[in-house]
Amino acid sequence: MNRRTHAALAAAIAAALTLGLGACTSTGGDQGGDQAGVTTEGNGIIGGTPVKGGTLTILSNQDFDQLDPARNWTMPVMDVGVRMLYRTLTTFKAAPGAEGLKIEPDLATDLGTPSDGAKTWTFHLKDGLKYEDGTPITADDIKYNVERSFSPELPGGPDYAVRYLNAPDGYQGPLKGERLGKEAIEVPDAKTIVFHLKRPVAEFGYTVTLPTFAPVPKAKETGANYSNHPVSSGPYKIETYDRGKRMVLVRNTYWDPKSDPVRKAYPDRIVVDQTQKGTGIAERLIADQGDDRNAISYVDLVPSKISEVLTNPDVKKRLISENAGCTTKLDMNTTKAPFDNAKVRLAMQYAVDKEAFAATTGGPAFNDIATTYLPPVLTQGNPIDHFMIKPAGDPDKAKQLLTEAGFPNGFSTELVTSTGGKAQAEAIQAALKRVGVDVTITTVDPTAVNSIIGDKDKQPGLANLGWCPDYPSAATFLPMIFDGRLIKDKGNQGDITRFNDPETIAELDRIAGMSDLQEANKAWVALDAKIMDKSPAVPLTWQKKPLLVGSNIAGAYAHPVWAGQIDYAVIGLKSAN
Amino acid sequence: MTAPLATAPAGGAGAADPATDSAAPASPWALALSRLRRQKAAMTGLAIIVFFVLAALLAPVLTAISGKGPDDLDKKAVNTYLGGLPRGSLGGISPQHWLGVEPLLGRDIFARLLYGAQISLLVAFSSALLITLIGTLLGVTAGYFGGRTDAVISRFMDVMMSFPSLIFMIALLSVARDVNRLLLLIGVLSLFGWPYIARVIRGQTLSLRHREYVEAARACGTSSGRILLTEILPNLTGTIIVYVTLAIPGLIGAEAALTYLGVGIRPPTPSWGQMIADSVLYYKVDPMFFVLPSACLFLVVLAFTLLGDALRDALDPKGSRT
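These protein sequence lines are chains U and E, in that order.
Numbered per the UniProt record's numbering, the first sequence spans residues 1 to 577.
Numbered per the UniProt record's numbering, the second sequence spans residues 1 to 322.
Mixed in with the good hints there might be a few duds.
Under the rule of at most 25 Å between Cα atoms (straight-line distance), these lysine to any residue pairs were calculated in the SDA-like manner [to be verified]:
id: 1; chain 1: E; residue 1: LYS75; chain 2: U; residue 2: ILE389
id: 2; chain 1: U; residue 1: LYS397; chain 2: E; residue 2: ASP72
id: 3; chain 1: U; residue 1: LYS336; chain 2: E; residue 2: ARG266
id: 4; chain 1: U; residue 1: LYS490; chain 2: E; residue 2: LYS75
id: 5; chain 1: E; residue 1: LYS75; chain 2: U; residue 2: SER259
id: 6; chain 1: U; residue 1: LYS456; chain 2: E; residue 2: ALA171
id: 7; chain 1: U; residue 1: LYS52; chain 2: U; residue 2: SER259
Sample of chain E residues lacking proximity to chain U, with all beta carbon distances greater than 10 Å (derived) [to be verified]:
id: 8; residue: ALA41
id: 9; residue: THR44
id: 10; residue: PRO103
id: 11; residue: PHE145
id: 12; residue: PRO164
id: 13; residue: LEU206
id: 14; residue: GLU215
id: 15; residue: ARG226
id: 16; residue: ARG266
id: 17; residue: PHE298
Since the hints were made in silico from the structure, they are not lab data.
Positions of the beta carbon are idealized from the N, C-alpha and C atoms, including for glycine.
Sequences and hints are given; from them, build the entire structure.
Below is the structure:
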């Protein structure tokens, strides 16, 4: 359940929508009124319990990256896939807040049985599970999709299976007919699947919540086109899907509600309209007329509409706003001068103005100032402030550090961002100018951002991306963004700072091998502090995700696992007429 | 009541002065100028242009007086809690910020408008100059020499005109990442702008070269270069001047459009196009942010259109009388 924030960021920004990224809880100096962050009103659930039936409309400004379960690894898209179209071995409870972080058996009968010191995990499937065409779901179908996540032809999906499974080196996936052997995944019968891991993974029950562990029938394999029509094992199936325009979901009659403890599937039809603009969506949902009363927003409320929503109590009642659990960062290219100098990178921690940055993404109402990499959801809810720097930065200290590093007069560097990220980039630019660092901003089309930043030769000194945990474990955070062994010359994701520190890598491996989760958590926090001192990136904000819903919507709440996106498992209408 | 009565006759007499002076034969240029002076619209246009050119040139002085630079963030001027909306009425107009501030970052709109004028006008004037130079040169060459030269140049013009220029501009500007965007913008606008004036010039030259005085000059053995410079070009001056004034509004608009599309000037350098692009999201909650740069663009375009219209009338007496 993790998302790669940068992809999501870029896509969202594509429609000139600036994401409500989180910033600081402790904003001194702002003299205006209510200083608390905005959260969902009531008990966190809008509209009570829904009724069965009706048509739910989801208004969006973008296509889904990939609905193929082997490739689905961007945050709100994972929510769409896992909650509506396919089921996984286990899944997260349908509840807001801490309750939503607990897992429940989904296709499996239990949360998995570890053996051999958590190196072997056994799952049994429930009885009577069927696809949308009535054919039974078998354990081999799950194995098949896990194998698909190894395929270079199907890139972009969660790579946990690749990291954890005891698969032979250089395995290229099943598309050319080569299947994994018993040493990796065993399927003793149609309802049992056994995973053999390279090393103990105490949290593997959480890992199998990822779409990688959803079933794909081998007979329906269409390779790269599978994203256009994944075969449903969940409560809805695709009736029509015109990419980038419209997707219509109808009930999957072969889905048995009795086998599914999580998904309620209240609406009869779900229509996703992907042709809207961020401002248009906000305007329609604020106006709340006609069919828009049955609509919800897929994308964050645009900053320009925030004042309209917050000053109107009737509209504010319909605003969902919970912590997304992601950290937005200023990423420095540690292979490029002068950011190869740790002192310079440390100076940036003091140079940035997180308050001004947060202002461009919704201000204190929708941002907490990030003070370390690990978001509070991974540190038992307590934000850790590593450096104790004021949110507006400390230019004097930054200048002093730059002088020590040999750059008393600053230097010039470049920041590449998407056309929609201009205001954020300008906030960074203005802050760094205070210490003599000249930033040249290049705005490019959102779809081009990742290819430029992921390319060793084209990558500029600075980038402004983020990361969200895949499930509530620091194992899905620090290893994904600071493990130097993952760096690629082209298409580099995750460790985009190209931070390659042997000491950090050794520690990452040591913690990964720990079986006591409590001890591991402490070790993650300690490692987080150590990486902060080496400063490959500056944490900027912890964002909330502000989403508007129509007045006839019920059962709407932000799910903590899917970056604060509305949980599609239990949403519905107050009245189906 | 007496004062207005006194000035009215005086003004009337002043206006009549050039007419009495012109009892002595006036040059065509003086005639055109006096005709132009009598057009209120033209003078208004000129005044607006002078005003904005001066404002752009004096931007550093004026912002020094107002005390706010174009890139200075002012967190106190915006209400960060309400999505960064400016504090105060009319987009945050205050003694500190004469024309209010931008939402989100709180940058001073007065300063950004002035510096934005520098970019917008610089791009428009430079491209207009380049367009005129290239267009006149090629147009005259094609029209005067005719034959194969004409065929080659004319076909080239056709190709450039039928090219999907906006798409090409966007592509070029997004591909070229490390070049000076300002120069590139000027270059690209000029590259696709010149064929229009070249066509007009070519047509004019075609008819001019068959005039008797040109034939006579040629019969005397005057060189082509000399004929072009002394006989043909002076007769084209009116067309060129009018064309330039009419092209400038289009160029300002094109710069704004390209910047709006994200391929213009790099941030944080302000330009009017960029300001308008940023402000469209806020037209409802902060209308002043949208109105101010739009009004500036509107005024300058209107001013050039008025002046260009009047110039055409003034330089082409036959046309103005009909």
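Hint-by-hint comparison with the structure:
1. This hinted pair checks out: LYS75 (chain E) and ILE389 (chain U) have alpha carbons roughly 18 Å apart, not beyond 25 Å.
2. Between LYS397 (chain U) and ASP72 (chain E), the direct Cα distance comes to roughly 21 Å. Compliance with the 25 Å bound is thereby established for this hinted pair.
3. Taking the CA atoms of LYS336 (chain U) and ARG266 (chain E), the gap is about 22 Å. The hint holds against a cut of 25 Å.
4. Pair hint LYS490 (chain U) plus LYS75 (chain E) does not hold up; C-alpha atoms about 39 Å apart against a cutoff of 25 Å.
5. For the hint linking LYS75 (chain E) to SER259 (chain U), the alpha-carbon distance of about 54 Å lies beyond 25 Å, and the restraint is violated.
6. Annotation: proposed proximity of LYS456 (chain U) to ALA171 (chain E) holds, straight-line Cα distance about 23 Å (limit 25 Å).
7. Of the pairs offered as hints, the one joining LYS52 (chain U) and SER259 (chain U) holds, with about 18 Å between alpha carbons and a cut-off of 25 Å not exceeded.
8. Even its closest Cβ contact with chain U, about 38 Å, leaves ALA41 (chain E) beyond 10 Å, as expected for a residue assigned away from the interface.
9. The non-interface label for THR44 (chain E) is consistent with chain U: the shortest C-beta to C-beta separation is roughly 35 Å, beyond 10 Å.
10. At roughly 7 Å from the closest C-beta of chain U, the C-beta of PRO103 (chain E) falls inside 10 Å, breaking its exclusion from the interface.
11. The beta carbon of PHE145 (chain E) is kept farther than 10 Å from every beta carbon of chain U, the shortest such distance being approximately 45 Å.
12. The non-interface label for PRO164 (chain E) is consistent with chain U: the shortest C-beta to C-beta separation is roughly 18 Å, beyond 10 Å.
13. The beta carbon of LEU206 (chain E) sits about 45 Å from the closest Cβ of chain U, which is more than 10 Å, so the claim that it is off the interface holds.
14. Against chain U, the non-interface label of GLU215 (chain E) holds: every CB pair exceeds 10 Å, the least being about 58 Å.
15. Distance to chain U confirms ARG226 (chain E) as a non-interface residue, since its nearest Cβ pair spans about 50 Å, more than 10 Å.
16. With a least CB separation of 6 Å from chain U, ARG266 (chain E) falls inside the 10 Å interface cut-off, contrary to its annotation.
17. Distance to chain U confirms PHE298 (chain E) as a non-interface residue, since its nearest Cβ pair spans about 22 Å, more than 10 Å.
Of the hints listed earlier, those the structure fails to meet are numbers 4, 5, 10 and 16, in rising order.
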